[in-house]
Amino acid sequence: MQPDAHTLAVEQMRLGDHAFAHYADDDVRWQVPAVFAQRGLGRGEKVIIMGDPAVSHDEAYQRMAAFGGPAEQARARGQLVFSSMRALIHPDRTFTARRQLSRLREETAQARWEGYAGLRTFIDMAWVRDLDMDVDAVMRREKTVGGLFASRRYAEICSYDRRDFAPGVAEDMRVSHPVALLERPGELQAWHSAGEVHLIGDGDLLTRPRFRDAVQAALAAGAGGWVLVNLSRVCFMSAGCAGDLLRLIAQADGYDKVVVRCAGLHARTLRHLGAARIGRLVLDELPEEE
Amino acid sequence: MTCALLLDMFFTAADLARLRRCLTDTARLAGLAEPRRSEFVLAVHEVTGNAVQHGGGRGRARLWYADGALRCRVTDDGPGLTDAAVPAALPAPDFGEDGRGLWLAQELSDRLHIAGGAGGAIVTMEFDLAVTRRDTPGWASAAAPGEPARR
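Top to bottom, those sequences are chains A and B. For the first sequence, our numbering assigns the number 1 to the initial residue and increments by one for each residue that follows. For the second sequence, our numbering assigns the number 291 to the initial residue and increments by one for each residue that follows.
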């Protein structure tokens, strides 16, 4: 699936975000929830995992722990909970958006009452098959849940198995969510628009060629003047990627100005590596976020 | 001397992203606050990336809490490394594709030591913790209810 203006890495999700995730592999499927849970636990949030009903809670925990690290203590004290859509709407047997939203509001309030900063929920959309739901009703639900997130005490990932949902349905679902996640943690995607390149994810040893190629393509596509390299959605940037970026900007003689928009850490890395020595480089540093 | 092993992980290129997440969480639980936590992860990534690229494609990262500091040791089975591998001066921005990683790791670390010969490289980095915790931090625990991420 092509990245665009609302694509994000799961590491950057915050309370208030409503995200679409996708997979087509039984190993990859646990990576996004593992990181989502790990980050939520670290931020003092409660995490509810509603995995595929065909997978036991213990197996789901083991698969996530293998990727994100163990969290027995969080599970024991109820900060990390494994559940299902069927259990959430109980005693109702038929899914309705009203019942689900009401229960999610209750769970959010409960999490706050228990002292957590908020609630984040991961929902594997395999429940649609389990509860024999029709896709149109699910789509309606996805488009009308905005109020649930307004208080910024709740975050949710709806994860779609591309083997179970038709490509058109998955794409409609992706577009209908305010946030669309990269398929797996650690990858890097680039999105180009007029005079801008947006990088999303991790720039490291494995993704360095893609990082370099995306910046190179943006500089080659422009007609001079200025260009924006937007790193605001980059979670990690290695010295190699930073060095490539600086080298390409230093050699971009056709440009008066290359603006690099990035978080404080990336700005400091670029400064360490000599950003100040490149006259056409403008660092647009974003405020720090914990 | 207080010394406790917090993390022990073998890695290849495919494990680097997962290793970074483990380092981030472990450093947070050990009390290393931002922005030093992110700088610590970046420094260790540069050394582990060097092990993957030049040290036989794989390595081992171990992290200790040691007397008010986080100590990370990265070992590999490559041809070995000396202090000369760290450039004395930063290469110019428009020149060369490599050589910045170990330099940056040294810049970011409070202390960085390179040892080892034919048996492979041993790179040890230390990051001082601003506040020394009385108890030894544990890897598996997460933030308690209502507690912010920074501890």
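Some clues are possibly wrong.
Going by beta-carbon spacing under 7 Å, a handful of chain A positions derived as facing chain B [to be verified]:
1) Leu148
2) Gly186
3) Leu206
4) Gly243
5) Ala250
6) Asp253
7) Leu273
Please keep in mind that the hints were generated in silico from the structure rather than gathered at the bench. Positions of the beta carbon are idealized from the N, C-alpha and C atoms, including for glycine.
Okay, the hints, checked on the actual structure:
Violation of the interface hint for Leu148(A) is found here, the shortest Cβ-Cβ separation to chain B being roughly 22 Å, above the 7 Å cut-off. Residue-level restraint check for Gly186(A) holds (minimum Cβ-Cβ distance to chain B is 3 Å; threshold 7 Å). A least Cβ separation of about 6 Å between Leu206(A) and chain B falls short of the 7 Å threshold, and the interface hint therefore holds. Interface hint status for Gly243(A): upheld, as the beta-carbon distance to the closest one in chain B is roughly 5 Å, under 7 Å.
At about 4 Å, the closest approach between the beta carbon of Ala250(A) and any beta carbon in chain B falls short of 7 Å, and the interface hint on this residue holds. The criterion of a C-beta within 7 Å of any C-beta in chain B is not met by Asp253(A), whose closest approach is roughly 10 Å, and the hint is violated. Here the hint on Leu273(A) is kept, as its CB sits about 6 Å from the closest CB of chain B, short of 7 Å.
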